[in-house]
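Colleague: Spelled out, the chains give:
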Amino acid sequence: MSAPLDVSLALARGGFRLEARFTAPAAGVTAVFGPSGAGKTTLLRAIVGLERARGRVAVGEEVWQDDAAGRLVPVHRRGIGYVAQEPALLDHLTVAGNLRYAARRTRGGRAPEEAARLAGVTGLLGRRPRTLSGGERRRAALARALVAARTLLVLDEPFAGLDAPARDALLADLAGLVRALGVPVLLVTHDLGEAVRLASHLVYVERGRVLAAGPLAELLARADLPLARREDAGAVLEAEVAAWDAAEGVTTLRAGGLALHVAGRHGAPGDRLRARVLARDVSLALDPPGRTSILNVLPATVAEVHEDPDGPCVLVALDCGGPRLLARITRRSLRRLGIAPGLRVHAQIKAVAVVAP
Amino acid sequence: MSPDDLQALGTTLRLALVSTLVLLVLGTPLAWWLARTRARLRPAVEALVALPLVLPPTVLGFYLLLLLGEGGPLGPLWARLGGGLAFTFEGLVVASVLYSLPFVVQPLQGAFEAIGERPLEAAATLGAGPVDRFFTVALPLARRGLLTAATLGFAHTVGEFGVVLLVGGSIPGETRVLSIAIYEHVEALDYASAHRVAALLLAFSFAVLAVVYGLRRRR
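Chains as they are written, first to last, in the numbering used here: chain D, 97 to 453; chain Y, 8 to 226.
Treat the hints with caution; some may be incorrect.
Unchecked claim - Computed spacing ranges between beta-carbons, pair by pair:
1) Arg226/D <-> Asp197/Y: 53 to 63 Å
2) Gly123/Y <-> Arg117/D: 24 to 34 Å
3) Leu307/D <-> Val61/Y: 53 to 63 Å
4) Arg43/Y <-> Gly110/D: 50 to 60 Å
5) Phe211/Y <-> Arg113/D: 55 to 65 Å
6) Arg47/Y <-> Phe112/D: 18 to 28 Å
7) Gly123/Y <-> Arg109/D: 39 to 49 Å
8) Arg47/Y <-> Glu157/D: 36 to 46 Å
9) Arg173/D <-> Leu55/Y: 48 to 58 Å
It should be emphasised that the hints constitute simulated quantities derived from the structure, not laboratory data.
We treat Cβ as the ideally placed atom computed from N, Cα and C, and that holds for glycine.
Based on the provided sequences and hints, a complete structural model is requested.
Modeller: Next up, the structure:
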């Protein structure tokens, strides 16, 4: 494996300060995630080189910027495929012309025909950008970026402004696409579901600062990050399909030492997939619940308890002999059950969502 | 039209054509710079470019006459080069270029500004360097502005009078243009000839403006 994406940048503009320091793997998708206005797009533009920040940026063996060494590679020599939030197609060219524009200037890039097929725009090649819908424009820009992406593919909110069907279709296509791509992908999103669906790595940005960066499953299982206070906080498990019970319609997943039962058929035995267990769907009991309709009841040990000073709930991190789970319970339950680190409990999981592939 | 007037028409078209070409070559990079620079010098340069819009043509003509003539401050230079530019076709081109500069630079600058950063940034990420971006993105996207600039520059040069009178005089085949011809016909009380040339210029100017506004509508 080649050297990872290594970013260390600082920028001040008006009242806004960006201080970003993180590394990400040289393959797969890294989601740059955070609330709106956190500076995600500015960070992305600074990495691409469209915004002048101070510091150092390296991708693999290529050092794009190193102010200490007086090195700055101009944007057009970086081999980046970049899809801006408002995709800027060249209006004086057709979609095919846009792809050729990139192909003529990229050595060792993807062929326009292949990129068009991957992005699903083969039928749009003869069209002018002005005649395309929002979703079509996004796909055309994606195809063009696939041609140009020699070292890095950068997607800034690729689903913003799309209606639900267009968004779901693009999400499904992207999920398949990025796995087959030979270059790392940086994805900016403010939607945790999109990050969970597509990314293996997470960079969490808030108010211009990178608060945490690491494997997505690891970060989402932490109770101490602001991430855990979100309504949709919860653990993400990398699982393998262990069995399919056709009679009862239940799939069994295995994640580390953990067995989870999910209603419905998901993949085939042996398939790798990703499951999400939201903290609000996990409740705790001191005694085994006995007969219950809940499919998954796991013996667990309380690892950490994090109070949210602003809300009535607390977040409990659980060790269940596999990857960590998170549970959100009320402060009242915490007190009445005497829940504290080290306590043995039973985690009742009301829902498991299979999010990928 | 009389042979003299036809010759004046030829001189006018030649002058307008050469001036427009020079204006495009000089005005396009100037407009590009004005559209993109954040230099503090910019308002001053913009004001300088716009001066011919408000100055009486005689003011510009007077200073140009001094500069281009052999008796002026550049006299020694002209003497070494073998003669000044006052009362020559080349002198008229210099005067026309300065006089029509705002009509070329302003529409171009507006067109370049309307493109915005985004297509240029996109082109940069696709591997296009600055010069490449200018020719393959900025110019094609500003083509309407380019056409407007060329048309206005040409038409305005055809229509100039005061500057020509001072800098060029009225040398047949060299500096006698249509507007001068009209002036001379009127002075000689030959209203019929004046009518013919004046009507021609009127029709031409109207047609040019109609074309320019037609282009604008199609945006």
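Colleague: For every hint, state whether the structure bears it out.
Modeller: Tested hints:
no. : hint                              : verdict
1   : Arg226/D <-> Asp197/Y: 53 to 63 Å : holds, 55 Å
2   : Gly123/Y <-> Arg117/D: 24 to 34 Å : holds, 32 Å
3   : Leu307/D <-> Val61/Y: 53 to 63 Å  : holds, 58 Å
4   : Arg43/Y <-> Gly110/D: 50 to 60 Å  : violated, 21 Å
5   : Phe211/Y <-> Arg113/D: 55 to 65 Å : holds, 60 Å
6   : Arg47/Y <-> Phe112/D: 18 to 28 Å  : holds, 24 Å
7   : Gly123/Y <-> Arg109/D: 39 to 49 Å : violated, 19 Å
8   : Arg47/Y <-> Glu157/D: 36 to 46 Å  : holds, 42 Å
9   : Arg173/D <-> Leu55/Y: 48 to 58 Å  : violated, 37 Å
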